[in-house]
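Engineer: Each chain is listed here by its residues.
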Amino acid sequence: MKEASSMPDQPGPELPSPARISSRRHLLQAMLAGWGVILLAPALYILERYLVPAEEPDRQNERIDAGRFDLLPGPSEPPKLYRSKGKAIYICRNGQNQVQAISGICTHLGCLVEYNREHKNFRCNCHGSEFDQNGNNLSGPALRPLQPYRAEVIHDEVFLSPGAQL
Amino acid sequence: MKNFLERLIDSALIRNFFDALSHKNIPATRKTFWYFFGGLTLFFCVIQGISGGLLLIYYSPTPQTAHESIQSILTTVPYGWLIRSIHVWSAHLLITSLFIHFGAGFFMSAYRTPRESVWISGILLLFLILGFAFTGSLLPWDARAYFATQIGTEIPRSFPVLGPFVVRLLRGTSLIGAESLKRLFALHVTILPVISILLILFHLIVNHKHGPSIADTADGRNAKQIPFFPEFLLRDCIAWLTGLGILLVLALNLPPLVGAKADPFVSAPAGIKPEWYFFPLYITLRMLPGAIMGLNTETLINILVAALGFAFLLTPFISHSSADRGGISFPKIAGAGILLYLLGTTIIGWILY
Amino acid sequence: MWNEAGIPPAEMRMIATVIIVFCLGLGGLLIYAKIMGNGKKQKE
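Protein chains in written order, with my numbering: chain A, 1 to 166; chain B, 167 to 519; chain C, 520 to 563.
Worth flagging that the hints you see were computed from the coordinates, not collected in a lab.
Hints may be right or wrong, so weigh each one.
Unchecked claim - Below 20 Å or equal to it, Euclidean Cα-Cα: the simulated SDA-like pairs (lysine to any residue) are: (1) K87/A with A164/A; (2) K559/C with A194/B; (3) K559/C with E397/B; (4) K553/C with W35/A; (5) K553/C with S22/A; (6) K427/B with A194/B; (7) K553/C with A164/A; (8) K390/B with E234/B; (9) K190/B with L543/C; (10) K553/C with K87/A.
To be verified - Which stretches of chain C does chain B cover? Using the computed rule of at least three CB atoms under 8 Å from a CB of chain B, they are: (11) 525-533; (12) 536-550.
Claimed, not checked - Some, not all, of what chain C presents toward chain B, calculated at C-beta under 10 Å: (13) K553; (14) I554; (15) N557; (16) G558.
We put the beta carbon where it would ideally sit given N, CA and C, even for glycine.
Assemble the whole structure, with the sequences as input and the hints as a guide.
Structural biologist: This is the structure we're talking about:
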C-alpha cells in the first residue's frame, strides 16, 4: 500500500521488498530467542545453586571415638552397634582381647545389617546378603565385603578409622 | 523426527488451542491499558507458585523449626534470600495488581451479562488471595506474624452464630500454636493453591469464551480489534516484563528480613501492625470505640464486612446489568465510595504507622 | 564473587539490578519491534 508522497513521480522509500521484510523478521525472531536464552541462563544458574546442596566434606578418614574399651562386649556376646555421623559400626572384643570393628552398612544398597547370634554372621534383611564375622561375603547380591575398621586404644578409649586392622 | 513432533503436537491439540486464542479479539481503546492487569495478576501468581515451591523445599512448619528454617534460608541456602525476597515482594505486587484489576472491572462494568460468572469467580479469587496472604504471613513465626494471626483469627469470633466455630477451625486450638501453624500451612501450600488454580482456569476459560467486556460507548463499538494471539499477548509480555522489572528492583534492593522468634509469653511488641492490605480493617478498628449504640463494634464490623463481600460478589445482579452502560449509577457511586475508603485507610495506615 | 552466606552487599545488588533492568529493557524493545513489525505486516 503506497502512501501519498509529495513527489508522485518518484517511487519513494516505502516498504522494503518482501524478501528483506521476511529476513528482518527472522532476525528479530532470532534476537528475541537469543535474548530469552541469555536471560534464562542466570536464572537456571541461581536455581541450580539454590536446589543442589553443597558437597559434604569427605568424612571418610575421620577418626571416630567409640567409647570405653572395657564397655565393649566380649567374644561370647553380640557386638555393640555404634551409630553416629552417618556411620554404623559393629564393635566387640575378640578372644585375644583385641577390638574388632566392622561397618554395619550393607555394601549392596545401604541397609543396616543384623547380627545373627546362631550363625555368628551378619545378615541383611533387605535383599538377603550375608557376611561372615570379618565382613567377607557369604551369599546374596552384595559384591563387596563389609568395610573393616582399624582400632587404636588410647588410655582406655577406643578410636576407629576405616581400614583393615594392621 | 519432524513426524514425531507433528504427531505429538496434533494429539495435544496445540494448534486448536492457538487457533482459538487468535480468533478472540481485544478492542483497542484508551481504556485497553486497564486490560493488562488481569494478566499481570496471573503473572505474579505464577511467580508466587514457583518461588513458593522453592521455599517449600527448605521451610519447616513447626514452632520449633519454622523461624530457624527461615534464618537458614536467609543465611545458609545459596540465593535463599533472593527467592524469599521475590516471594514477599511478588505478594505485595500481586495484591496491588489484583485490586487495580478488580477496580478496573468494577468501574468498566465488566460484570455485565453474560460475564456474571467471570466476575463471581474473580471475587472469590480475591478472597482466596487475601487468604493466601494471611496464611503465608504466619509462616516465619516471628513476633509480628504470631500476633497478627492471633488477632486475625480472633476477629471472626464476634460474628453472629458462626464466629467461635470459624475461630476454632482456623486455629486448631484455643490459642495460636503448633496446630494453627500446621493447618494454616496446609491451607497456604495445598488447599488454597488447588482451589485457586481451578478457579483461575475457570475464570480464564469463561472470560475467553465470552470475549473481553467492551464499554457500550462509541469508543468501544468502533474500536479496532486486536487478535489476542499473538498481538495482544505480545503486549501482555511487555506488561509482564515491566512487572518483572519492578519486582526484581524491589526484591534485589529491599530484601525482607525476619523479626525475632515468636514468644507467646512476651507482650506484643510496640508498634505492631498488620500487613498493609489489612490496614482498612486495622484503622477502622482503631478509630471506632468498643461499642456503638450498645452493640459490640467487632460484631458490627464483621457483619458489615460480610455484607460488603456479598454485595461485591453479587454486583452483576445488584447493578441491573442490562441497563448498566457503564455510566454513573448508585451502585457505582457506592462501590467507588467503598474502594476510596479502602484506599484512604490504607494510605492513612501507611503514613501514621 | 557473591557472598552466599547471607545477603550480598548493597552495592553488588544495585549493580545487579541495573544489569537486569537493562536486559529486561532490551527484551521489551525487541518485543516492541516485533509488535511494530506485525503491525506493518497487517497493513500489507
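Engineer: If a hint holds in the structure, say so; if it doesn't, say that too.
Structural biologist: Hints and how they fare:
no., hint, result
1, K87/A with A164/A, "16 Å, holds"
2, K559/C with A194/B, "16 Å, holds"
3, K559/C with E397/B, "12 Å, holds"
4, K553/C with W35/A, "13 Å, holds"
5, K553/C with S22/A, "12 Å, holds"
6, K427/B with A194/B, "52 Å, violated"
7, K553/C with A164/A, "70 Å, violated"
8, K390/B with E234/B, "56 Å, violated"
9, K190/B with L543/C, "28 Å, violated"
10, K553/C with K87/A, "61 Å, violated"
11, 525-533, "holds (count 5)"
12, 536-550, "holds (count 8)"
13, K553, "6 Å, holds"
14, I554, "5 Å, holds"
15, N557, "6 Å, holds"
16, G558, "8 Å, holds"
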